[in-house]
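S.K.: Note that our numbering has the sequence shown beginning at 5, numbered continuously upward.
Derived by calculation from the structure, the hints in this document are not laboratory data. Careful, some of the hints might be misleading.
Here are the computed lysine to any residue pairs in the SDA-like style, where the Cα-Cα straight-line distance is at most 20 Å [what the hints assert, rightly or not]:
1) K48 - E35
2) K177 - S71
3) K48 - E163
4) K177 - E139
5) K41 - T222
6) K177 - E146
7) K177 - A147
8) K41 - G225
9) K177 - G143
10) K41 - R207
11) K48 - T222
12) K177 - V192
13) K48 - D32
14) K177 - R141
15) K48 - E162
16) K48 - S161
17) K41 - M211
18) K177 - L102
19) K177 - N150
Please read these numbers as outputs of a predicted model, since none were measured by experiment.
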Amino acid sequence: MTVYSFRGERLAEHSYLTLRLYLAAFGDRHERVLAAKLASEGVKLDEVRIALRASFLLHDVGKALRSFQRQFRSCGLGEPRFPYHEALSAYLVYETLLDCVRQPLAIAASLAALQHHQAMRSPHAALEEMRRRLELRGGVDEAVVNEIELAVEILDSEELRAIAEALSTAVEKFNEEPRIELREFTNVINSWMTGCIPDSASREDAMMWRTVRELIPTFTGPLQVADAAAAALVRRGQLRRLGLSYLRSLLSADTSRL
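All chains should be modelled from the sequences, with the hints used to inform the complete structure.
M.R.: In structure tokens form, the structure reads like this:
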């Protein structure tokens, strides 16, 4: 089943375009600056790159909640709404990246997803509202794993495969015990954000978090910019219904004027 992010727009299309715009506007230079700031913590460029790019690719995967997709298909010409999808996206980003990067980077990437709409709302408030309001019956549509397939053209194939496999595991884990998973995720985020780092965290990760926490705006800011640009380009009508072939052509397009 196809997972949608807006009328006439697959989640794959929006996710791919958001990542593509990030790479055009920020990309390698941004990642190298972050890696340099984290080098003293033993963080490598590849780890920074996968954390950042996964946050762009997966920032809207919470829209794959089956109750969201049912509402979307029944809204007709009305405005599709996915309230607090960013909170579920943050959970899936976090669980996916735990298999790929160190925990502080997974938290920073999940916070970028969590705050990409309501930047001024606290993470705690967003998570609490999500737990209170989301209709979780039916879980997340497993088809969301296929919605990242376009990125094979701009991500390393091994990295993309690792992300896809980890996302599949995260979706399966969530669908088994959604409320328990969300509660535990909320506790994790609240603990790290308030400085109450759990004893289970390694000393290296606890030290690293002091640096990563100061750099969170460098995760959240580019995502807010790229997401807003991708939505404006497609949903204002300029690119709508032009299909995946057009989005693929952005790889070779002159993006300096976007």
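S.K.: Compare the structure with the hints numbered earlier in the document and write down the numbers of the violated ones, lowest to highest.
M.R.: Violated hints: none; all satisfied.
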